[in-house]
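Asks: So the chains spell out like this:
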Amino acid sequence: RKEVEQDPGPFNVPEGATVAFNCTYSNSASQSFFWYRQDCRKEPKLLMSVYSSGNEDGRFTAQLNRASQYISLLIRDSKLSDSATYLCVVNMRGFQKLVFGTGTRLLVSP
Amino acid sequence: EPEVTQTPSHQVTQMGQEVILRCVPISNHLYFYWYRQILGQKVEFLVSFYNNEISEKSEIFDDQFSVERPDGSNFTLKIRSTKLEDSAMYFCASRGSYNSPLHFGNGTRLTVT
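So the protein sequences, as listed, match chains A and B. Residue 93 in the working numbering sits at position 93 of the first sequence, and the numbers go up by one each step. Residue 3 in the working numbering sits at position 3 of the second sequence, and the numbers go up by one each step.
Treat the hints as calculated values from the structure; they're not laboratory data. As the structure is a computational prediction, the values presented were derived from the model and not from experiment. Where hints are given, some of them may not hold.
Label-pair restraints from in silico Cβ distances [unchecked claim]: (1) A:G54 with B:G40: 38 to 48 angstroms; (2) B:R69 with A:S49: 20 to 30 angstroms; (3) A:G54 with B:R69: 29 to 39 angstroms.
Each computed DSS-like pair below joins lysine-lysine, with the alpha-carbon atoms no more than 30 angstroms apart [said to hold, decoys possible]: (4) A:K79 with B:K83; (5) B:K78 with A:K2; (6) B:K42 with B:K83; (7) B:K42 with A:K79; (8) A:K45 with B:K83; (9) A:K2 with B:K83; (10) B:K83 with A:K97; (11) B:K42 with A:K42; (12) B:K78 with A:K79; (13) B:K42 with A:K2.
Positions of the beta carbon are idealized from the N, C-alpha and C atoms, including for glycine.
Please take these sequences and the hints and turn them into a complete structure.
Replies: Listed below in structure tokens is the structure:
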């Protein structure tokens, strides 16, 4: 089983739609979780950290489910500028490396 | 806002040549990383560096690779004898504490011909 798994997509949604991505991780000792956004041929940029109680930043909501070992990202009222690849990133306790998922591609159309 | 800077943005080299990729992490950060991304593929961990030594490395980071922090500000990745399959985008990243997120540089696109 891969350390971090994501549906590669693409998810094609119209402007204004709500879209959700999930990411599963294999190691139950994982302790830090992040969502990054990556535009084509650019560096990953932090979108948000994911906290145990769930957290929201504007149109973006992140949730963590430790029992089922997944994190999710919900985007409300999608904008054209949200089109990008969304990367799930996990840090396991006792390790310094952060492991990236393959990313989920989102395409928002007018 | 402080940022991670990488140079050069693009490096073209011939197979078998040595390359050095340079990075200046955010000044008060303690943990430094190199990742690579082959075109169309996932971001892959290469190495982490803490307290002036390698703390973790992946299987990709073989004897052809080395890292250095020569002067307290720069963080370099050296590939001794490049192969065609080393062609990728190389990202440097840093973070301030153990559980904090990574901050990435703009990357160096390495093309090996």
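Asks: Decide, hint by hint, whether the structure agrees.
Replies: Each hint, compared with the structure:
no.: 1; hint: A:G54 with B:G40: 38 to 48 angstroms; verdict: 32 angstroms, violated
no.: 2; hint: B:R69 with A:S49: 20 to 30 angstroms; verdict: 26 angstroms, holds
no.: 3; hint: A:G54 with B:R69: 29 to 39 angstroms; verdict: 38 angstroms, holds
no.: 4; hint: A:K79 with B:K83; verdict: 41 angstroms, violated
no.: 5; hint: B:K78 with A:K2; verdict: 29 angstroms, holds
no.: 6; hint: B:K42 with B:K83; verdict: 19 angstroms, holds
no.: 7; hint: B:K42 with A:K79; verdict: 25 angstroms, holds
no.: 8; hint: A:K45 with B:K83; verdict: 29 angstroms, holds
no.: 9; hint: A:K2 with B:K83; verdict: 27 angstroms, holds
no.: 10; hint: B:K83 with A:K97; verdict: 25 angstroms, holds
no.: 11; hint: B:K42 with A:K42; verdict: 13 angstroms, holds
no.: 12; hint: B:K78 with A:K79; verdict: 41 angstroms, violated
no.: 13; hint: B:K42 with A:K2; verdict: 12 angstroms, holds
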